[in-house]
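Novice: Work out the full structure: start from the sequences and follow the hints.
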Amino acid sequence: MEYGQLCPLAKASEILAERWTFLVIRQLLSGAARFNEIRRGVPLMSPSLLSQRLQRLEREGLVRREALASGHHYRLTEAGRELAPIVHGLSRWGERWVLGHIDPRKPDVTALMWAMRRRVDPSVFEQGRVTVQFEFTDQPRSKRFWWLVNEGTNVDLCPKDPGFEVDLYVVTDLEAMAQIWVGKLQLSTAMNAGHLECSGGQDLRRAFHSWLLLSPFAQKRAAEPGYRSKGVGLAVESNALKGRRSAPRHGDSLSSPPR
Numbered sequence: 016m017e018y019g020q021l022c023p024l025a026k027a028s029e030i031l032a033e034r035w036t037f038l039v040i041r042q043l044l045s046g047a048a049r050f051n052e053i054r055r056g057v058p059l060m061s062p063s064l065l066s067q068r069l070q071r072l073e074r075e076g077l078v079r080r081e082a083l084a085s086g087h088h089y090r091l092t093e094a095g096r097e098l099a100p101i102v103h104g105l106s107r108w109g110e111r112w113v114l115g116h117i118d119p120r121k122p123d124v125t126a127l128m129w130a131m132r133r134r135v136d137p138s139v140f141e142q143g144r145v146t147v148q149f150e151f152t153d154q155p156r157s158k159r160f161w162w163l164v165n166e167g168t169n170v171d172l173c174p175k176d177p178g179f180e181v182d183l184y185v186v187t188d189l190e191a192m193a194q195i196w197v198g199k200l201q202l203s204t205a206m207n208a209g210h211l212e213c214s215g216g217q218d219l220r221r222a223f224h225s226w227l228l229l230s231p232f233a234q235k236r237a238a239e240p241g242y243r244s245k246g247v248g249l250a251v252e253s254n255a256l257k258g259r260r261s262a263p264r265h266g267d268s269l270s271s272p273p274r
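Counting from 1, position 221 in the sequence shown corresponds to residue 236 in our numbering; the numbering is continuous, with no gaps.
FYI, nobody ran anything at the bench for these hints, they're computed from the structure. Do not take every clue at face value.
[Stated by the list, open to error] Capping the alpha-carbon separation at 25 Å, the derived lysine to any residue pairs in SDA-like fashion look like this: (1) K175 / R132; (2) K26 / E52; (3) K175 / L189; (4) K199 / V135; (5) K199 / R132; (6) K158 / W35; (7) K158 / R74; (8) K175 / N51; (9) K175 / L228; (10) K199 / R221; (11) K26 / P100; (12) K158 / S230; (13) K175 / A48; (14) K175 / T125; (15) K26 / R71; (16) K26 / R55; (17) K199 / R71; (18) K175 / Q201; (19) K26 / L105; (20) K158 / P174; (21) K158 / G56; (22) K175 / R144; (23) K26 / R74; (24) K158 / S63; (25) K158 / D136; (26) K158 / R220; (27) K158 / V124; (28) K175 / V164; (29) K175 / Q142; (30) K26 / W108; (31) K199 / V181; (32) K199 / V102; (33) K175 / G216; (34) K175 / R220; (35) K175 / G46; (36) K175 / E52.
Specialist: What follows is the structure, given as structure tokens:
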């Protein structure tokens, strides 16, 4: 779209105000470089549209495509990197003025899990490899189970069973996890109310609270004076968990944070 104006804001908007563009730039700023890495952060975006957006950003000098032995990777140019404070500022604006209007009952589980994968701290687990299984009881079978495999400083998200022994089980529903992620519901409150259950070895259960860092905007909200999170719109007990308890293959069940 062209606005036909000799205005720098109009010219910048012609490039950046297309749907998905800011989210693609967000992925590149977060370190995604290969096509599939970028797409994981925008799972509802079609591959063809992502390709179009990357080509446009390359033509406009915001992205540089570099050849690899197999395929390509994408890097932000200096002009692209200068968008970082704009992206972060827009995110802060959205957190302040828009996030409260987002319906936490309608997130995409794939997008949520990829966001969570970027915001965990595998260093809190002292043993070699730790596999955390998430079960979303309100999701269809194809999206019900997810695994985060922690090994050293690396974390892999697996939508299919990676075949490793599960060390920590997390059972919840998508609405509750989304509320926790954005800071509207404290993890300890969710566990005490039965919206989330965590099972496994005591040391791992204790580390879970430090491992899951949540959205950076959830942390910002929690640091504000007078902040108090609550479960907006959640029933006394999550409907997805009511009368439904997955029995872990080993370990004890945790309904509240370990002391």
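Novice: Could you check the structure against the hints above and give me the numbers of any it violates, in ascending order?
Specialist: 2, 7, 16, 17, 18 and 31
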